[in-house]
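> These are the residues of each chain, in order.
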Amino acid sequence: MMEVIGSIVVLLGAGFHFSAGLGMLRMPDAYTRMQAGTKASTLGNTLVLAGLAFYHPGWGLKLLIIVYFVLITNPISSHALARAAYSIRIPLAGNTGIDALRDEQQNLRSKT
Amino acid sequence: MISSIVLTTGLLLILIGFWGMLMHRNILRIIIGFSLMSTGTHIVTVAIGYVKNGTAPIIDRVLNMSEAPSRAVDPIPSALVVTAIVIGMAVTAIMLAYTIRLYDSKKTLSIDAFTESKW
Amino acid sequence: MTRRVFAVVAIVLFGFVFATLATSYTEQHSLRRLAESYVQLVPQKLGAPNVITGILLTYRAFDTLGEVAVLFMVGAGVVLVLNVDRWPHAAAHSSEEPRPSSEIVQSGAQFLSPLIAIFAAYIIMNGHLSAGGGFQGGAVIASCVLLVLLVYPHYQLNIEFLTITESVAGVLFVLTGIAGVIVAGGFLDNRILPLGQFGAFFSAGGIPVLSILLGIKVGCELSVILDGFRPGPVGQKDKV
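One line per chain: the protein sequences are B, C and A, in this order.
Numbering follows the working numbering, with no gaps: position 101 of the first sequence is 101.
Numbering follows the working numbering, with no gaps: position 52 of the second sequence is 1052.
Numbering follows the working numbering, with no gaps: position 214 of the third sequence is 2214.
Hints listed in this document are in silico derivations from the structure and should not be mistaken for laboratory results.
In this text, a Cβ means the ideal position worked out from N, Cα and C, and glycines have one as well.
Treat the hints loosely; a few may be bogus.
[What the hints assert, rightly or not] What follows is a set of in silico ranges between Cβ atoms, one per label pair, in the way DEER data are often shown:
1. Pro2114/A x Thr1055/C: 30 to 38 angstroms
2. Leu2065/A x Ser77/B: 35 to 43 angstroms
3. Glu2103/A x Tyr55/B: 33 to 41 angstroms
4. Ala85/B x Gly2196/A: 51 to 59 angstroms
5. Ala85/B x Glu2103/A: 16 to 24 angstroms
6. Asp1112/C x Gly2185/A: 55 to 63 angstroms
7. Asn1026/C x Pro2194/A: 50 to 58 angstroms
8. Tyr55/B x Met1095/C: 42 to 50 angstroms
9. Arg26/B x Gln2106/A: 40 to 48 angstroms
10. Leu1102/C x Arg2099/A: 25 to 33 angstroms
11. Gln2106/A x Leu1102/C: 29 to 37 angstroms
12. Pro2194/A x Thr1055/C: 25 to 33 angstroms
13. Ala2131/A x Tyr55/B: 17 to 25 angstroms
Kindly produce the complete structure, drawing on both the sequences and the hints.
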């Protein structure tokens, strides 16, 4: 019974990983591609490890620590990459509505 | 069966890396092809050492000392690959340093610009 | 055009050779004689549960010494190639300060780099008990240094200290080997220290000592190589 639940959760995680790959192929510009890759694959990682915890309940604490480290490092690295891409002026997609970072930098410059 | 799959994957990686090295004109992509080739070679070397139904050659709760010679995987290719990985990384570092100097001299990363040593 | 034809012919020929290799490969059912003798001898005579580290640091320790020499040559070569006459070109067309990293990245790096260092020390010290060893731990130390270098662009590594440390570690490695000649069976034999209890933390003779020295040397080496790739501050960069 626990194995069936664990297998379903791992399958869900694999589905999220697939959607991450699909998003990286289909998204219009670099920033949306980064967002698709990071968010979906982090959740996919978490679900796969949680499904593994159903198979081996004794490994639960170690898997929780691994999930914790994945949750810390993935968003930070994606944030650094996106900021670097913005600062070398990689163009945004054509139908972008709001550029919050440009507005904030203009606010900072007009205040000082 | 398992090691045949791993062996085929390693040989495919060597072929892909070789193709990349021959076809691309950008120096950085040639370096990536070289790195792929060395990774493929490491995978092939480790795959050759597999013993049927074997486990890692580390003596702990799973594998005790008396049954180790009959159930352990071959440790020698793994030891050679540990050395080879470090040396591969060192060679990649030297290649990247040369790339930086080549770019400084001709301001381009295409290997067609460097024809002085062709005959 | 001819280049592409040559490339395709070469790939196809290699593909034939590899296909012959892949189809005529059969898995072995038992270990070969040399491997079997290693798997028997390392736990009994050297007292190390990890057979691969026992091979790398005692039976084939001379290859490890050669690899240490190769790493040293590469470190010196990278610094030599990247240091000569380059900074006048760089100062001419890079006239802006490196962009400081944002607060999220700085907080993350402050949290993560001690953990990475502890993990590296754990890998080095457990080389003889479980999977790990000197090279792997040294690479993880270098990745911790790389994280700090990426997040704080103005951080100046103390290159003199690193080069002196790695040279001292290399010299101590060779001296341990010579001590093996004097006290125990041969060069880089690990019976210079007592073998201890099997599987304990301080066991397997000289193997933890060699692992620590290897880890320090590889870590310092890779840090010097990484620092050589950084662009200097605007105008000049003084390296010894």
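> Hint by hint, say whether it matches the structure.
Structure-based check of all given hints:
1. Pro2114/A x Thr1055/C: 30 to 38 angstroms: Distance hint for proline 2114/A, threonine 1055/C holds at roughly 34 angstroms.
2. Leu2065/A x Ser77/B: 35 to 43 angstroms: holds (37 angstroms)
3. Glu2103/A x Tyr55/B: 33 to 41 angstroms: holds (40 angstroms)
4. Ala85/B x Gly2196/A: 51 to 59 angstroms: holds (54 angstroms)
5. Ala85/B x Glu2103/A: 16 to 24 angstroms: holds (18 angstroms)
6. Asp1112/C x Gly2185/A: 55 to 63 angstroms: About 57 angstroms separates the Cβ atoms of aspartate 1112/C and glycine 2185/A, which means 55 to 63 angstroms holds.
7. Asn1026/C x Pro2194/A: 50 to 58 angstroms: Distance hint for asparagine 1026/C, proline 2194/A holds at roughly 57 angstroms.
8. Tyr55/B x Met1095/C: 42 to 50 angstroms: The hinted range 42 to 50 angstroms holds for tyrosine 55/B and methionine 1095/C, with Cβ atoms some 43 angstroms apart.
9. Arg26/B x Gln2106/A: 40 to 48 angstroms: violated (34 angstroms)
10. Leu1102/C x Arg2099/A: 25 to 33 angstroms: holds (27 angstroms)
11. Gln2106/A x Leu1102/C: 29 to 37 angstroms: holds (35 angstroms)
12. Pro2194/A x Thr1055/C: 25 to 33 angstroms: holds (30 angstroms)
13. Ala2131/A x Tyr55/B: 17 to 25 angstroms: holds (22 angstroms)
Checked against the numbered hints given earlier, this structure breaks only hint 9.
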